[in-house]
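**Q** What follows is the residue order along each chain.
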Amino acid sequence: MILLVSWIYTLAVCMLAGISNCAAASRSTYNEHLDLKPLPRNNLLASFNFEIYSDSAAETELGNDGQVFWAHYGLFPRSVGQIVQSTRAHELHLRFTQGWWDAEEWGFLPHNGKHAGGTGVEVWAWIAGESDTQAESRWYELVNALSGLFCASLNFVDSSRTTPNPISFRPDSNMRSSFLTYPDSGSSNSSSSDLHLYHGSLPRETVCTENLTPFLKLLPCKGRAGISSLLDGHRIFDSKWQSMALDFVPICDSDNGCRLHMTQKVDVVLDVQRSLQRQHSPIPRPPPPEELHCDISKAYHSESICFPLPNPDVVEWKLSDLFGLKIKSRCQVDQTDGNDVSSSSVCTHITPAWHLTREGGTVVSSTSSNACFSLHESDEFDLAFSTSNSTSVSANDQPPVYIQRSMTGRGQQYGGIQTIIYNPSMTDSVSVIYLESLPWYMKPYIHTMVAGLSSTSSSSATSPSPSASLTQEVMKDILYRPFLERVRGTYLELKLEVPPESRLTLSYDFDKALLYLAEYPPDANRGFDVPPGILTVLTREDDGNMSYTYALRTSSLLLSLPTPDFSMPYNVIILTSTVMALAFGTVYNILVRRFVYEEDLVAQHTPLMQKLKPKIWERWKTPTVSNTGSNKEESAKVQERADAKDRGLKS
Amino acid sequence: MDSRTWAVILAAAVLRLSLSWIFPSLNSILGQHVAVTTSMTSFKQLKEGLHLYEIGISPYHGGVYHQAPIFLLLFKLLGKFGSTAPNSLVVNGVYIFTDSLTSYFLCAISKSPSLAKTDQLASWVIASIYLFNPLVIATNVARSTAVLSNAAMIGSIAYACYNRNVLSVMFLVLASHANIYMVYLVPPFLLLWTSKRGSSMASGAKYLLLYITASAGLASIGYFMTGSVQYLSATYGFLLFFEDLTPNMGLWWYFFMEMFDFFRPLFTYIFQLYSFIYVLPITFRLHNYPLIAITCIVGITTLSKSYPEVGDLGVYISLLSLFRFIFPNVRYTLVAVLVLLHSLVLAPSFYHLWIYLGSGNANFFYAITLVYTIGLTIILTETLRATLLFEFTGGKDPSKAVAQI
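Protein chains in written order, with this note's numbering: chain A, 274 to 924; chain B, 256 to 660.
Don't take each hint at face value.
As the list claims (entries may be wrong) - Keeping only pairs whose Cα atoms sit at most 30 Å apart, straight-line, the calculated BS3-like set for lysine-lysine is:
no., chain 1, residue 1, chain 2, residue 2
1, B, Lys-651, B, Lys-451
2, B, Lys-651, A, Lys-768
3, A, Lys-749, B, Lys-651
4, A, Lys-886, A, Lys-768
5, A, Lys-490, A, Lys-310
6, A, Lys-310, A, Lys-387
7, B, Lys-331, A, Lys-749
8, A, Lys-601, A, Lys-310
9, B, Lys-335, B, Lys-366
10, A, Lys-490, A, Lys-571
11, B, Lys-335, B, Lys-655
12, B, Lys-366, A, Lys-768
13, B, Lys-366, B, Lys-451
14, B, Lys-302, A, Lys-749
15, A, Lys-513, A, Lys-490
16, A, Lys-387, A, Lys-490
17, A, Lys-768, A, Lys-387
18, A, Lys-886, B, Lys-655
Hints are computed from structural coordinates only; laboratory data are not their basis.
Please read all numbers here as calculations on a predicted model, not as lab measurements.
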């Protein structure tokens, strides 16, 4: 309420004082950019890039409670701004990824892997707090708020899925000149020492349209105009790999003060053939014979036998074929003073074998390998690609390392993890940080960790020979925090040095835990997802510092745990209790009773009633018989009865 | 100790050594088998704890290591003499020596003044019942640390039988430090410590005080080693509150796995109480036979403790072999043996069906643990009954019919 009142107040003050005063230093701006790059085997990498800057920080104000809030967000989405400010997040990174990046075919990840997440949802943030507990509670607040904002299960990021302060991440902004000076943080200039980094990941989360829609809603044109109008969930999530990234990084400089800055990126690898087929025939049906591309080099090729070629060389397609619609118009964002503060452009990265035809827009620059277009305000924009040789794509740089992680062993009691890191460089060794955060029900044995090194150069092909000394040699540093049941998972971070042209194999054993019945998800036999490992490549700068130049993720793993019978709780409780009661009963039966000779039992220990009963019975039956009568007979009967009782006991 | 006993001990040592050297993978196969080791005794977890301790991380900081700190000290010391791999010479030596020592203690108990006047099996028979018991061999080859704590417990009995009470107290302190359930043995041990003629309540109190002081002293080692009392919750708390649901031969794991969250604390208390509730009644009732009382309580904990393993049954059977004089009174021996054999053969197979083949489910193994418990119950109740009957008849063959009332 206070927030709203002061916002209205500020607005009113601005209107009265004249707009130019409020636009003190720099105005909020919006840039959008689309990169299109054909990849081998008729794939297309489309990188959507949206950048939003808020107004400069001269407009921050303090609320009554000392809370900082932004008076003028400008184009910056207020929902995100308020969340990061109420939770004191200095930097926020959010990733929604699905699919697998084929590094051997496609090379470098877009943006050097900086904006690509692991399978599922990944989030990390630097949060200010006087203590760990305060920062941590703000972190849970943050993920819960984001969960609502993006319709993702981020609220399931609890302590067991949170990794505090991994060294694999570094802030993008310069935290020391922090833009938010919190009165309660003690000093006017909050230093990075009271910032806490938290990282959480949900590998099981399925990224879908429900996440894309709120993602696009943050943009000024809400996906209705500009390049974001191409982002149709049906096409984006039908891709081989896609990653949505949101990075909130405040930017500060001495001239303009601080501005909120958010980058949103959507990177998609589309299978062109598949998308085209979907466009032409939404219901899959076999192509007619004349459209089949046959491999005529096969010996059995004939009129009636065809070995289909998957990737035709001659292709021709338009953007609207792939995405289902054309770019509507430019996303035009007018500020109150009528100045347009946005820019929209589309660039292609092609080889001369490709031919481009555009519809609408203006050519900004054009070379043989690159062409950039700027969008017009009202025109629709479309781009047609055609080539006679689709294998000709612009060269992909080889990534500095490849990584592959897999599970070893069989059965559901224990297993192992094997990670292979491959350095393809002929000359340089590469130093990396490898982060692995495992769920608590995976119990690793760190003493079983061994490293094996095998050279891939043909001259000295050696088999991987794991050894302890080698483990010491390649591992520069180990950061390890063991798991704690139901509280936190294992955190393992390794600094490694991989020699040129060699494969580093890391392996260790782990045990699989059993969970309580209620802790199993509904489809327990599907398995449990293990978050992807994160590999960060370090490069030594000229000034001697290490900079983080490339990041990549392994795929997530599916861990199958032993399961109980889910229909059994009552049966188990009853059966176990019965066995326990049986033991208890028999033991106490023996302990509390004593032994007697049966003859003594008859003579002395027959209960009164038992003594009297036959007498009464006899009397009632034959009232004439005297008391002193059949004494012998009577005792025989009692004996018989006692025997029967004893037999009953024994059985 | 005659030459025959020494031959048995030697043969058992050679057997253990050859098992571990001819089949090097046997150590890890048995060492990871749920029936043979638990997280309270696993050698692999001990190695992990030792590794963490050596690289400067408190092993009790996480959920990896739950065994007593004294094992860390012991194996760190052993590491100075050579590798502590499960089939290394040092570890083999320690485990074989410990088992031989246990059998030596058992023979010594059978020759002790209180037992020697009764009918006894020959020493070499008693030694072989322990040393050639497949359960004991498996536990030894699996490098379960229960081998060490059981040796301390049996050593404690042996010293008490020879009136070396202070040593006996110390051994019991070691045993109960490693396995907290051995605290239940204190009441019958008090009977044993004060059984000497002329002993009074005061001497019992003296030994109890000594036991408590020494236990506290040993517990403080953990504090000085790790710098915090965190290890108490990681070892004893872990055992008392039953946090690890890994299957074992006991009643706990499946019950608590299936139990509703709300009732879990209640049933944890009930189960712990269940294992204790027998201790005092058995001690009181068998006060004339403290050794049998100890044996019965060992049997009870085998059945009711939170992380039982089959090695406990091996120790229990070996202790029973000391009391030949009650054998004539034992009934249902065949039934008990068959039930236990049935469960011990089927337990690994059903576990395999569940975990590896997927053609069975958890109920298979669970059912076998129930059968195992019933087998133990038969032995336990028959031991108790036979002892009380022996007490009643005075060892004479009862010609007259006897009843229990």
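**Q** Each hint: holds or not?
**A** Hints, verified against the model:
Distance hint between Lys-651/B and Lys-451/B is fulfilled; the C-alpha atoms sit about 26 Å from each other, no more than 30 Å. Between the alpha carbons of Lys-651/B and Lys-768/A the distance comes to roughly 76 Å, so the proposed pair goes past 30 Å and is violated. At roughly 76 Å between alpha-carbon atoms, Lys-749/A and Lys-651/B are farther apart than 30 Å, so this suggested pair is violated. Among the hinted pairs, Lys-886/A with Lys-768/A is inconsistent with the structure: their alpha-carbon atoms are about 91 Å apart, more than 30 Å.
Note on Lys-490/A and Lys-310/A: the hinted pairing holds, with a Cα-Cα distance of about 26 Å set against a maximum of 30 Å. Pair hint Lys-310/A plus Lys-387/A holds up; C-alpha atoms about 18 Å apart against a cutoff of 30 Å. Distance restraint check for Lys-331/B and Lys-749/A: the Cα-Cα separation of roughly 25 Å lies within the 30 Å cut-off, and the hinted pair is therefore satisfied. Distance restraint check for Lys-601/A and Lys-310/A: the Cα-Cα separation of roughly 21 Å lies within the 30 Å cut-off, and the hinted pair is therefore satisfied.
Straight-line distance between C-alpha atoms of Lys-335/B and Lys-366/B comes to about 38 Å, which puts the hinted pair past the 30 Å bound. Between the alpha carbons of Lys-490/A and Lys-571/A the distance comes to roughly 52 Å, so the proposed pair goes past 30 Å and is violated. At roughly 65 Å between alpha-carbon atoms, Lys-335/B and Lys-655/B are farther apart than 30 Å, so this suggested pair is violated. Distance check on the hinted pair: Lys-366/B and Lys-768/A sit about 62 Å apart at the alpha-carbon level, beyond 30 Å; violated.
Under the criterion of a C-alpha separation no larger than 30 Å, the hint pairing Lys-366/B with Lys-451/B is consistent with the structure, at around 17 Å. Annotation: proposed proximity of Lys-302/B to Lys-749/A holds, straight-line Cα distance about 23 Å (limit 30 Å). Of the supplied pair hints, the one linking Lys-513/A and Lys-490/A holds, its CA atoms being roughly 24 Å apart against a limit of 30 Å. A distance of roughly 23 Å separates the Cα atoms of Lys-387/A and Lys-490/A; the hinted pair therefore holds under the 30 Å criterion.
A hinted pair counts as satisfied when its Cα atoms are at most 30 Å apart, and Lys-768/A with Lys-387/A qualifies at roughly 19 Å. Restraint check: the Cα-Cα separation between Lys-886/A and Lys-655/B comes to about 26 Å, which is no more than 30 Å; the hinted pair holds.
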